[in-house]
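Listed below, chain by chain, are the residues.
Number of protein chains: 2
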Amino acid sequence: MAEVTLDDILSAAERLSNIASVTPVMTSATMDGITKAGVVLKCENFQRTGSFKFRGAYNTLAKMSMEKGAAGVLTYSSGNHAQALALAGRLLDVPVTVIMPSDAPRVKAEATLDYGAEIIEYSRDEITREELAAAVAKERSLPIIPPYDHPDIVAGQGTVGLELISAFPGLDDLIVCCGGGGLLSGCAIAVKSKSPNTRVIGVEPEAADDATRSFYSGELVTIRDPVTIADGARTPSLGSVTFPLVLRHVDEMVTVSEQEIVDAMRFLWERMKIVVEPTGALATAAILSGKVEVAGKQVGAVISGGNVDLKRALSLLYSTGKAS
Amino acid sequence: MAEVTLDDILSAAERLSNIASVTPVMTSATMDGITKAGVVLKCENFQRTGSFKFRGAYNTLAKMSMEKGAAGVLTYSSGNHAQALALAGRLLDVPVTVIMPSDAPRVKAEATLDYGAEIIEYSRDEITREELAAAVAKERSLPIIPPYDHPDIVAGQGTVGLELISAFPGLDDLIVCCGGGGLLSGCAIAVKSKSPNTRVIGVEPEAADDATRSFYSGELVTIRDPVTIADGARTPSLGSVTFPLVLRHVDEMVTVSEQEIVDAMRFLWERMKIVVEPTGALATAAILSGKVEVAGKQVGAVISGGNVDLKRALSLLYSTGKAS
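Top to bottom, those sequences are chains A and B.
In case it helps, my numbering puts the first sequence at residues 1 to 324.
In case it helps, my numbering puts the second sequence at residues 1001 to 1324.
Derived from the structure by calculation, the hints contain no laboratory data.
We put the beta carbon where it would ideally sit given N, CA and C, even for glycine.
Hints are all accurate, no fakes.
Listed next, the in silico SDA-like pairs over lysine to any residue satisfying Cα-Cα at most 25 Å (straight line): (1) A:Lys311 - B:Asp1231; (2) A:Lys311 - B:Gln1259; (3) B:Lys1108 - A:Arg271; (4) B:Lys1311 - A:Glu270; (5) B:Lys1108 - A:Ala29; (6) A:Lys311 - B:Asp1309; (7) B:Lys1108 - A:Ile34; (8) B:Lys1036 - A:Ser21; (9) A:Lys311 - B:Lys1311; (10) A:Lys297 - B:Ile1019.
Here are a few chain B residues that sit away from chain A, every Cβ distance over 10 Å (derived from the structure): (11) Asn1018; (12) Glu1067; (13) Ile1120; (14) Tyr1122; (15) Thr1128; (16) Lys1138; (17) Glu1139; (18) Phe1168; (19) Gly1170; (20) Ser1193; (21) Pro1196; (22) Arg1213; (23) Arg1224; (24) Pro1236.
A short, non-exhaustive set of chain B residues, derived as facing chain A with CB atoms under 10 Å: (25) Met1026; (26) Met1272; (27) Val1308; (28) Ala1313.
Next up, chain A with everything else stripped away, as it sits in the complex (with noise of 0.2 Å):
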């Protein structure tokens, strides 16, 4: 089983500094009315390419250019991981290709494409990403560097957690959006080397319980293509590398509801004045709802990304959420 362990993630902090942002942390004083809790919220919309991703993407393929060297990589992912690679790839030299699906939003293939990657489209209902991704590897003779499922990854997902309780040493809660895992896992092993007393909790969408299913009954649960609008917890399950971590590092698991997701969104945006894409809402709704009962503590929450298309973001904002 691999390990992850702070050592790993303070050489991706090394790795990453002065290459990713050390996003801010945000506060409001009417999150803080409500809640009666003190709630920092780290900012990766903020990061480069818009999402955390850029922290593991970064820390990997850095790491494997050093190692061994690389002549190209190749990965798989419609969403963030793409963008995020593709900069990486970019900034270190190293051609990136990009398995993505045809009906992929427009504006992800083309945020891919203007960080320099190649695109491969496929149809999804004539082979899975998995599998084109292996024939293509083999072809090419290209290292896959997969969205979530690797230690360097989670590595340097975890920084974002290291750089929170650094700047907040006496956090009560970590609370962090789950989809493979990653993040949440790398921030678990970060926060609780630093800071064993805080409780880490991952957040999932009702609808994409598996990695709270997994985590209550210690069997790998697999729900495929959830309907959910937090579109970066669609993934099926956590991985063979992140499932042990989740297991080990964090403290419990919460599910939110869709509209619960859309009321933190529309605070997030109307009184924060950030734009936070659904995933990235999840760990302000598990608080904003009460699904994490915050009441006189310090709450550091996460979040992931801002990369939304806007019409559907206000679309969402004003059909499925009450009335502003």
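Following the hints, put chain B in place on chain A, whose structure we already have.
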């Protein structure tokens, strides 16, 4: 003529210490790449009540309370100043009455009420707000705190420039939106005092260029009810306090089109992940449109606020603007 000096702004900064937020500065590698400049954005959209207006309102009310007590104050505003003064009144325990048109946006009236102010509605067809304010002020013996044309308001808004130039002492240009001229003149006084070589440039919408015309002609120009999405710049003219200050301390005025405002808003929302109201995007619009030539320079720009109805913002971004 009312003078406002660096000392007044330093006194305002003391009054605002630990009350107003020292707002963060944001940068964007993408913006720097597009403009070939180093651009720092001073983010007053993250200020309490969502705009810089809190600084001037609190400074004025705190000084008034200290010097002669304040049993209550009156203002007229349908926008950010109303919310700002309402919160200042709550914090200083001074009752605030706001004269607001009956057709003001519901969200703005609600926010003002939430902060504990009393609202007196009037019909724009029947009476001007200045006439009604004078009558109510006399009847209730309440002093009026106007939205911009007051030395203590100017001094409070000047703390925006003071914070920015203290953090970035070598700025070549400072670019600031202009409505009634309180923010622009206050920032100009602070910045010119600390850094005489920094050029201070005001920005207006083309359709509401009263201050630009006043600046270049030396005669106060009035434009009533200009048609622009930048509602904070719909003020008919500079005031008797702000006009001379703008003439003396500002170096240049430029205008931007409605399309340029929308394009800047879209950039700020999509790429920088911050919610900015149209007026708040004026300075960025001047940079991105090339109306101010910034290549090779270190440039500061003020984002004045983020109070925008999200639904309305969507319709702006996707009707006036080009497809994204």
